[in-house]
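Protein sequences, first through last, are from chains A and B. Residues in the first sequence are numbered consecutively from 47, following this note's numbering. Residues in the second sequence are numbered consecutively from 88, following this note's numbering.
It should be emphasised that the hints constitute simulated quantities derived from the structure, not laboratory data.
Derived SDA-like pairs: lysine to any residue, alpha-carbon spacing no greater than 20 Å straight-line: (1) B/K118 x A/N136; (2) A/K300 x A/T315; (3) A/K63 x B/S358; (4) B/K298 x B/I240; (5) B/K118 x B/L211; (6) A/K175 x A/M137; (7) A/K241 x A/P314; (8) A/K175 x B/T188; (9) B/K118 x A/I140; (10) B/K118 x A/R172; (11) B/K118 x B/L192; (12) A/K175 x B/S186; (13) B/K118 x A/M137; (14) A/K300 x A/M269; (15) B/K118 x A/R144; (16) A/K302 x A/D261; (17) B/K118 x A/Q135; (18) A/K170 x B/E117; (19) A/K67 x A/A57; (20) B/K298 x B/L316; (21) A/K241 x A/M219; (22) A/K67 x A/E253; (23) A/K175 x B/G187; (24) A/K170 x B/F111; (25) B/K118 x A/G174.
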Amino acid sequence: MLSVVSSTNLAKSYQGKLALKDCTIDVPVGAVVALVGPNGAGKTTLLDIVAGLLPATFGDVRLFENVIPGSLESLQRVSFVAQNSPLYQNMTVIDAVRLTESLNVIFDREYALTRLQKLQISLKRRIGKLSGGQQAQVALTLAIARHPDLLLLDEPLSSLDSLARQQFLSELMTSVATTSMSVIFSSHSIYELEKVCDYLILVVGGEVQLCDSLDRIVESHRMIACAPGELDDYSDIEIIERKLGTRFSTHLIKVKNLLSRSALESHPTSLENIVLAYLRRAQEVEALNASVKL
Amino acid sequence: MNSTFHADASQQYLPQIRLRNVVFGILVKEKTRIFLMFAYLFMNSVVIYWLSANLIEKTIYNIYTNPTILLYFRLLVISIPLIIGLLIGVPLLSTEYESGTYRFLFTQGVGRWRFVRTIFGVYLVFISLFSVMTASSINHFFTIQQQAGPIQIWSFGVFISNPIIIIPLTLTTFVAGVFFGTLMQRVIPGIAATILFVLMLALGLQVSLEKSVAFFVQRLNGSQRDPLLAYYGFVASNDSRYLFRFQMTFALSLAILSLILALGSLRALNSGGLLHRKLRP
Chain A
47 MLSVVSSTNL AKSYQGKLAL KDCTIDVPVG AVVALVGPNG AGKTTLLDIV
97 AGLLPATFGD VRLFENVIPG SLESLQRVSF VAQNSPLYQN MTVIDAVRLT
147 ESLNVIFDRE YALTRLQKLQ ISLKRRIGKL SGGQQAQVAL TLAIARHPDL
197 LLLDEPLSSL DSLARQQFLS ELMTSVATTS MSVIFSSHSI YELEKVCDYL
247 ILVVGGEVQL CDSLDRIVES HRMIACAPGE LDDYSDIEII ERKLGTRFST
297 HLIKVKNLLS RSALESHPTS LENIVLAYLR RAQEVEALNA SVKL
Chain B
88 MNSTFHADAS QQYLPQIRLR NVVFGILVKE KTRIFLMFAY LFMNSVVIYW
138 LSANLIEKTI YNIYTNPTIL LYFRLLVISI PLIIGLLIGV PLLSTEYESG
188 TYRFLFTQGV GRWRFVRTIF GVYLVFISLF SVMTASSINH FFTIQQQAGP
238 IQIWSFGVFI SNPIIIIPLT LTTFVAGVFF GTLMQRVIPG IAATILFVLM
288 LALGLQVSLE KSVAFFVQRL NGSQRDPLLA YYGFVASNDS RYLFRFQMTF
338 ALSLAILSLI LALGSLRALN SGGLLHRKLR P
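Only chain A is shown next, with the shape it has when bound in the complex:
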């Protein structure tokens, strides 16, 4: 399958401190990807590298199989909406449309104007006078009107209320359905993205914990209740989280080989539970490392 973003052992350090480490991902063309992780996990750094705004300290990243991020081809094929939709606050909406149109080879002016009209955003208003939700919509409109092959959205929902979030996601999904673009959008919560995404990248502490389709992730993770130590003999499973009980312990396991799953009596769990288990595990590892350092 062709990949829209692929990276091998990608790392980025700031003043010697690693913000992203050993990041290997492979996102198929056409995927709608949720890039999830807690604050400071390295999501923005990863998106900045893919958008060509930051060079990687180590490793390799390619877009559309062989395009280098930041190259002219990548800039023409990738649209990026950064966190808090940074647009020129003193510029009117129509000027922002004109500016984006003049700086890009492809720009669907008619689409942009129709969409803004539909959203009841006045073209003559200054961007700084619009609400956070409207600013996010303007940024999204400008990005989609470029008809990109890959759309990168960095925490687009953070400044929106719940109604605006629903509207934003539904507008985005309409655009995705009518085009063939791939989308990567970051968030610190999986809850809302679960309904619209078909692929998940979970980043915690600068490391990629999960990178797969949602179906495969849910399929490969199981909850098992068994006596402590009973799972030690199984080499094809990875214990993600263990909750100790008096007689039985509850385990969230990752089955490395899906075919061998029938050997264990288990039941499926929700994506949110899986993500939370990974987050808790990473938190425990971090706390352990901190105590070792002390």
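Assemble the complex: chain A is given as a structure, and chain B must be docked to it using the hints.
Chain B in isolation, oriented as in the chain A frame:
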């Protein structure tokens, strides 16, 4: 393998955005700043014209220039490169970093290098065009001033107030402002660095004028006088034969300095500036 931003071979076959489109985009984005720059230089020229109308004082016995008007004139002329450098040059790219809009601007299809090259070009053209107004008003001022007697053409104040010097000097401070703004990625530190640079540049110009004139006079006359005495002797002679040659040499030196600073700006943009490594996106 370290990742780089270098273009791959396929880029040369990519569709290019027309230059006029990029220029149009820059005009849309920068129209307020360009208008303010025009308004400032226009007002400056008007005030210089007004000052020149009040420059000559006549008594029954004598015609002389009003020293207060002369002081105002010099302050106005010297303020041009400073204002353009500080208020136009420094914020040009540093505000993009401060407000985060560089994430929007530098991910557009035009590419950051082409955009920055074009915005440099657009501003250099506008500054040169608008400076014609200033040059004309300065010339007018000097014409009026000559009515009260010959001007000391080799004195530093008059030498750099000349349009041949003031236009390249304005361009140099503009590029220096862009350079320090890009390097610092913050407006206030960029302004501070540019002020320091302009002061050093003014001092450097004065010293190099004195030294080069003294060296030239010593070579011309074969005299072994003290360099400073040689310079002031030449200033007193008011010999205009070599003035143009000196002005052109200084203008060319400033143009070369501008080019170096412009390349430095691009380099600072590429490396991410001084503060970039400290920035957490």
